[in-house]
Amino acid sequence: DAGVTQSPTHLIKTRGQHVTLRCSPISGHKSVSWYQQVLGQGPQFIFQYYEKEERGRGNFPDRFSARQFPNYSSELNVNALLLGDSALYLCASSPRGGADYGYTFGSGTRLTVV
Amino acid sequence: AQKITQTQPGMFVQEKEAVTLDCTYDTSDQSYGLFWYKQPSSGEMIFLIYQGSYDEQNATEGRYSLNFQKARKSANLVISASQLGDSAMYFCAMREGLSGGSQGNLIFGKGTKLSVKP
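Protein chains in written order, with the working numbering: chain A, 29 to 142; chain B, 706 to 823.
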């Protein structure tokens with residue numbers, strides 16, 4: 029079975045541009061979470077979606093948005109990119125939202141903003 | 706507010722020896738979960754071990770064990786018989802309490818870089 033897949037693996041964008049990151053959860057998993065990991069830090073929670081509804085949001089500006097599709101895949105969108113948005117963006121999936129501890133992470137998308 | 710503290714930025718261990726990576730946490734919730742993840746240079750977060758706040762026994766998974774001391778709010782990871790492939794970043798994380806409709810997202814520490822010497 030395929031694990032959590034994220035695309036693209038690497039991305040370079042210019043300040044002010046928009047970016048869309050994609051995540052496909054493990055088959056059967058209905059919850060997807062997004063994390064931002066800045067160099068030298070632990071991951072920080074951005075969003076969680078379960079059954080296509082937003083279930084949680086971290087302390088990130090409105091430039092960050094996400095959605096989950098009927099097939100449970102998810103997109104993370106970031107508008108008006110800043111240099112500080114350069115990070116590894118990790119997606120994690122789990123069978124259920126909140127009550128289950130089985131989080132499986134993808135390999136991430138490494139975003140560089142220049 | 707919930708918080709995870711990892712005080713060791715880097716650790717060295719000789720191959721085949723055991724090593725303990727420290728983690729302390731702060732929460733006012735009664736129900737919580739503690740995790741350890743390994744992150745090699747490729748970036749993927751690999752789940753190692755889980756301990757629930759109500760679990761009476763320390764969790765073990767192969768060469769990994771979690772030394773859970775609830776009163777001291779510590780959840781140290783012990784890796785026995787270290788291997789060269791264990792060289793990576795290690796993150797301790799806590800899942801917020803599940804009461805009150807919490808979504809259960811993870812809070813991570815800053816990590817410990819483990820280097821295994823041959």
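Hints are computed from structural coordinates only; laboratory data are not their basis.
Hints are not guaranteed to be accurate.
Claimed, not checked - If you want the footprint, here are the derived chain A segments under chain B, 3+ residues with CB under 8 Å:
| no. | segment |
| --- | --- |
| 1 | 62-71 |
| 2 | 103-115 |
What the hints assert, rightly or not - If you want the ones that stay clear, here's a sample from chain A, every Cβ over 12 Å from chain B, calculated:
| no. | residue |
| --- | --- |
| 3 | T42 |
| 4 | V47 |
| 5 | R85 |
| 6 | G86 |
| 7 | D90 |
| 8 | R138 |
Beta carbons are placed, not taken as given, at the ideal position from N, Cα and C, and that holds for glycine.
**Q.** A/R138 and chain B, when compared Cβ to Cβ, separated by more than 12 Å
**A.** Contrary to the label, A/R138 does not stay out of reach of chain B, its closest Cβ about 7 Å off (not over 12 Å).
Q) Is A/G86 truly not at the interface, in the sense that its beta carbon sits beyond 12 Å from all beta carbons of chain B? A) 7 Å, violated
Q | Exclusion check [A/T42 not at the chain B interface, CB over 12 Å] | A | At about 23 Å from chain B, A/T42 clears the 12 Å cut-off, so the statement holds.
Q: Establish whether the coverage given for the segment 62-71 of chain A by chain B is satisfied; the threshold is a Cβ-Cβ distance below 8 Å, and no fewer than three residues must meet it.
A: holds (count 5)
Q | Outside-interface status for A/V47 - nearest CB in chain B farther than 12 Å | A | 17 Å, holds
Q | Whether chain B covers the segment 103-115 of chain A (at least 3 residues having a Cβ closer than 8 Å to its Cβ atoms) | A | violated (count 0)
Q | 12 Å cut-off, C-beta based - A/R85 kept clear of every residue in chain B | A | Incorrect as stated: the minimum Cβ-Cβ distance to chain B is 9 Å, not above 12 Å.
Q: Confirm or reject the statement that A/D90 sits farther than 12 Å, beta carbon to beta carbon, from all of chain B.
A: 19 Å, holds
The structure does not agree with the numbered hints 2, 5, 6 and 8 stated previously, though it agrees with the rest.
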